[in-house]
Each structure stands twice: as structure tokens, then as C-alpha cells.
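Starting from the known structure of chain C, fit chain L onto it as the hints suggest.
As they're listed, the protein sequences go chains C and L. For what it's worth, my numbering labels the leading residue of the first sequence as 22, then goes sequentially. For what it's worth, my numbering labels the leading residue of the second sequence as 1442, then goes sequentially.
Be a bit skeptical, because a hint or two may be false.
[What the hints assert, rightly or not] Which residues of chain L face chain C? A few of them, derived with a C-beta cut under 10 angstroms, are:
{"hint": "1", "residue": "G1469"}
{"hint": "2", "residue": "M1472"}
{"hint": "3", "residue": "L1476"}
{"hint": "4", "residue": "I1530"}
{"hint": "5", "residue": "G1564"}
{"hint": "6", "residue": "P1631"}
{"hint": "7", "residue": "Y1634"}
{"hint": "8", "residue": "L1636"}
[Claimed, not checked] DEER-style ranges, computed between Cβ atoms:
{"hint": "9", "chain 1": "L", "residue 1": "G1570", "chain 2": "C", "residue 2": "G99", "range": "28 to 36 angstroms"}
{"hint": "10", "chain 1": "L", "residue 1": "L1554", "chain 2": "C", "residue 2": "S80", "range": "32 to 40 angstroms"}
{"hint": "11", "chain 1": "L", "residue 1": "S1466", "chain 2": "C", "residue 2": "R27", "range": "21 to 29 angstroms"}
{"hint": "12", "chain 1": "L", "residue 1": "W1606", "chain 2": "C", "residue 2": "V38", "range": "37 to 45 angstroms"}
{"hint": "13", "chain 1": "L", "residue 1": "T1572", "chain 2": "C", "residue 2": "T26", "range": "39 to 47 angstroms"}
{"hint": "14", "chain 1": "L", "residue 1": "L1546", "chain 2": "C", "residue 2": "I24", "range": "43 to 51 angstroms"}
{"hint": "15", "chain 1": "L", "residue 1": "T1572", "chain 2": "C", "residue 2": "M106", "range": "16 to 24 angstroms"}
{"hint": "16", "chain 1": "L", "residue 1": "L1512", "chain 2": "C", "residue 2": "M106", "range": "27 to 35 angstroms"}
{"hint": "17", "chain 1": "C", "residue 1": "G55", "chain 2": "L", "residue 2": "I1475", "range": "25 to 33 angstroms"}
{"hint": "18", "chain 1": "L", "residue 1": "W1606", "chain 2": "C", "residue 2": "G47", "range": "19 to 27 angstroms"}
Keep in mind the hints are simulated off the structure, nothing from the lab. Where a beta carbon is used, it is the ideal one built from N, C-alpha and C, also for glycine.
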Amino acid sequence: MAILTRTLMVLMLLTAVSMWAGHGTGDLGPLGVGLVLAAGNVKADRILTHYLDLHRADSGWRTLFRTLLTLLGVTIFGIYVLLPMIGPALR
Amino acid sequence: MTETPVPTAVVAADGEAADWGPLSSLPGNPMMWILILGELAAFGAVFIGFAVARALDPATFDSSQAQLDRLLGGVNTMVLVTSGWLVAIAVRRRASGRPHCAAMLGAMALGGLFLAIKAVEYGDKIGRGLTLETNTFFQLYYLMTGFHAMHVAAGIVILGIVTWWDSLENMETGAAFWHMVDLIWVLLYPIVYLLR
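If we strip away everything but chain C, and leave its shape as in the complex, we get (with noise of 0.2 angstroms):
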């Protein structure tokens, strides 16, 4: 049960980080959006590989969540923060 508090603490720093990076008004930039993205992203995959167990599975499922997880991400920084920048430039 110790690596279970384990996550347990590292989803609460987490958590912390991403309060912290993400506090005050204006534009996060693409660092702030990076660490913000970053930061959800270990905590969902902790959750799937140890409160959900994931890492009882075959590797295949593991690299299923994963990706899936890191191509959410992805989609969702270069939509923040990439659009913006070639947007103006497409038009």
C-alpha cells in the first residue's frame, strides 16, 4: 500500500503545481500551458497505472492509455498554443 500513498502525495503535488502555474490573470504562455497539460497528464497516468492497476496488464494496454493521453495533450497544446501562432499567417 506504500506506493498507493506514494501517488497519493505525488498527485497532490501535482495538483499544487499546476494551482500554482496556473494562478493570476493573463496569458499562461506556452510554457505555463506546457506544465499545466503536463502536469493533468502524469497525474491521469498515475492514476490509470496505479489506482486503476494498469500496471498488472499487458504492456499493449499501458502503451493504448498512454498514447491516447499524450495525443489528448498534444491536440490540446497545439491548440492553445500553436493556432494562435500560425493562425494569423494562414489567413
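Leaving out everything else, chain L in the frame of chain C:
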């Protein structure tokens, strides 16, 4: 302390282990994993839709998001992950034949606290005239967080059921639903409350 291994095989009505093909290696009931994949895909599509809607009207989304209470959203994240931890502990304790009801009741109580905090948030927004009809941001805010809150309410009921009928498979299946609710929230919170 080392982690206690938990049996995974799903037993069919005739007493034979059910063959779920590639799903068989997943812990708990494979049907729950199909639900988890479906929910991840559905919420993932909504998250991308939210990001696209924000890209089309960033000024409205940023000023509306500033009306949200980021601290309460963060506190709710901590409440939910702690609840998930208690459920995971309860399943391990059940697997090793130790008492687990207190952990399950604690998890349900924290689920109730999550909903209470959400109700405070909704009350504050509605009191300030920020409703579904205010703009696209608040439409999506109520839709996404409301749909998630419905899952939390359903999850509390499911946790209650598996606490009463506490076979290991029931416990694992109920826990998987609860962790899915947890998983969706840790992705939803940064997108709706923090990113701008």
C-alpha cells in the same frame, strides 16, 4: 509494506474463467474497461471541442474563466484523488481479507464533499447571473462539470452497492468506475479552470 497482488480472472456463470481475449489481462471486469475507454474518448472529444471553441473566441473564454474559483477547483481535485486513494486502499484490504468498510465510507463521504463544493460553486455563479445562457464558455462549463458531477453521484451509489455486496470482483469493478471519474476530473480541471 509490499503491495498485495489481487486476482484478476473474471468467472463466468458456469464457474469457468471467462475468455475476454486481449481484455483478459486487464484488472477487474473487462466491461468496465470498455466503459473507461468510451468515457475517455467521449470526454476527450469534448475537451478538444472546448479548446477549439476557446480558440475561436479567446477574449470571451478568458474573461469568463476569470469568474471561476480556481482554488475551489483545485481543492476539489485534492478531495477526489484522496477519495480514489481510499477506494484503492479498500480494494487491497478486501483482497487480503482485512476490514475495508471504513475506507469505502470515507471515499463516499469525500465524494459527497466534492458534490457539496460543486454546489457552492454553482450557487455562486448562478447568484451572479452566470448561467447556461450567459455565453458559450458557461454553456460548456455547466455541461462538462455537470456531466462529470452526475458521474460522481452515480459513483457514490455504485461504491455503496459494492460496499454492501463486497465480493472482490464487485469491489474492483466499483473502484474502476470511481477511478475513471477521478481520471476525467484531473484532465477536466486544468482545461476548464486553468488554461488560457
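Tested hints:
1. G1469: For G1469(L), the interface hint holds, since the closest Cβ of chain C sits about 8 angstroms away, which is under 10 angstroms.
2. M1472: Not OK, violated: M1472(L) not within 10 angstroms of chain C, min 14 angstroms.
3. L1476: 12 angstroms, violated
4. I1530: 6 angstroms, holds
5. G1564: Where the cut-off is 10 angstroms and the nearest Cβ of chain C is about 22 angstroms from G1564(L), the hint is violated.
6. P1631: 4 angstroms, holds
7. Y1634: 7 angstroms, holds
8. L1636: 6 angstroms, holds
9. G1570(L) to G99(C): 28 to 36 angstroms: 34 angstroms, holds
10. L1554(L) to S80(C): 32 to 40 angstroms: For L1554(L) and S80(C) the Cβ distance comes to about 37 angstroms; the hint holds.
11. S1466(L) to R27(C): 21 to 29 angstroms: Holds - the Cβ-Cβ distance for S1466(L) and R27(C), about 24 angstroms, lies within 21 to 29 angstroms.
12. W1606(L) to V38(C): 37 to 45 angstroms: 39 angstroms, holds
13. T1572(L) to T26(C): 39 to 47 angstroms: 41 angstroms, holds
14. L1546(L) to I24(C): 43 to 51 angstroms: 23 angstroms, violated
15. T1572(L) to M106(C): 16 to 24 angstroms: Hint violated: Cβ distance 34 angstroms, outside 16 to 24 angstroms.
16. L1512(L) to M106(C): 27 to 35 angstroms: 31 angstroms, holds
17. G55(C) to I1475(L): 25 to 33 angstroms: Given about 32 angstroms between the Cβ atoms, the range holds.
18. W1606(L) to G47(C): 19 to 27 angstroms: Violated: the Cβ-Cβ distance is about 52 angstroms, outside 19 to 27 angstroms.
Consistency with the previously given hints fails for numbers 2, 3, 5, 14, 15, 18, ordered from lowest to highest.
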